[in-house]
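**Q** Residue numbers (the numbering used here), protein chains in the order written: chain A, 2 to 120; chain B, 57 to 219.
Hint data in this document are derived by calculation from the structure and do not stem from the laboratory. It should be emphasised that the depicted structure is a prediction, and the values quoted were computed from it without experimental measurement. Glycine included, each C-beta is placed from N, C-alpha and C at the ideal position. Hints should not be assumed to be uniformly reliable.
Derived DEER-like restraints, expressed as beta-carbon distance ranges [to be verified]:
| no. | chain 1 | residue 1 | chain 2 | residue 2 | range |
| --- | --- | --- | --- | --- | --- |
| 1 | A | L84 | B | P150 | 34 to 44 Å |
| 2 | B | Y85 | A | L90 | 43 to 53 Å |
| 3 | B | L68 | A | S91 | 35 to 45 Å |
| 4 | A | Q56 | B | V118 | 39 to 49 Å |
| 5 | B | Y187 | A | L6 | 39 to 49 Å |
What follows is the residue order along each chain.
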Amino acid sequence: MIDILSWILLVLGGGFVFVGGVGALRLPNFYTRMHAASLTDTMGTILILAGIMLQAGWSLATIKLIAILVFLLLTGPTATYALANAALLSGLKPDAGRTGDSRDRNEEDGRDNGQGDKP
Amino acid sequence: MTGSSNRPASILALCLILVTAWLLWSGIYKPLLLGLGTFSCILSVYVAYRLGFFRDSSGLHVIPRLPRYWGWLMPEIVRSSIDVARIVLDPKLPISPTVVEFEAAPKGPVGQAILGNAITLSPGTVTLDVYDGRLRVHCLTREGAESLLSGDANRRAADLTIH
């Protein structure tokens, strides 16, 4: 029973990581792609680690996994903030009000920030 | 603000947390490893002291209140994750990127860091800048921006750090 639940969590986590990857490719520019990356960062991490915790059962390994989860959830947003703030400070304008319709300009954005894209 | 009178208590609390972490993580109780652990703890506390960790409110007093905050944050994260996943998988890609700026309710640096990180943690919103007590946040959709401006996240982070 616990095994099934654990696999459900692992598959769901994998699904969120996959959707995050799809989002990183589909979304039009740097700032919107960061949202897809945070999908992988947060939901993927939580679900996969919860799945592994159920596999580990009540042991010291579970406590260590909880610690890993807490550390990832503390450092992940900090890294994302560093990335976003660096982009803002180096003059990349947030695309207020613009949607994914204007394809040509978005392609341009994508090339400009090729380095900032997270997997 | 926690004054200098609370400083030894803060240092002791950090020591205790570090020692517990070391003992739990290593699980091997030989003199060599215990000595290395003691050395690491003292070094960490010294580095934290040099960084100014104990200069003003160290933020350790927030820890007991964190579980309740996380209990509120988790459902929010799940909800916004599903929202963002649905947007990404929608063939029309219905995004409406918006940047909002608002006053942070928590006044101390610890509270503002927690608020900014909580906003970044929930998919669909990323904190771009924290400056002078104001937050600039990039939202994937206009609805996300509106729910952020309604101020629930802001108020809860402020409750967390009130002394």
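**Q** Each hint should be assessed against the structure and marked as holding or not.
**A** Hints, one by one, checked against the model:
| no. | hint | result |
| --- | --- | --- |
| 1 | A:L84 with B:P150: 34 to 44 Å | violated, 25 Å |
| 2 | B:Y85 with A:L90: 43 to 53 Å | holds, 48 Å |
| 3 | B:L68 with A:S91: 35 to 45 Å | holds, 42 Å |
| 4 | A:Q56 with B:V118: 39 to 49 Å | violated, 32 Å |
| 5 | B:Y187 with A:L6: 39 to 49 Å | holds, 45 Å |
When each numbered hint is compared with the structure, violations occur for hints 1, 4.
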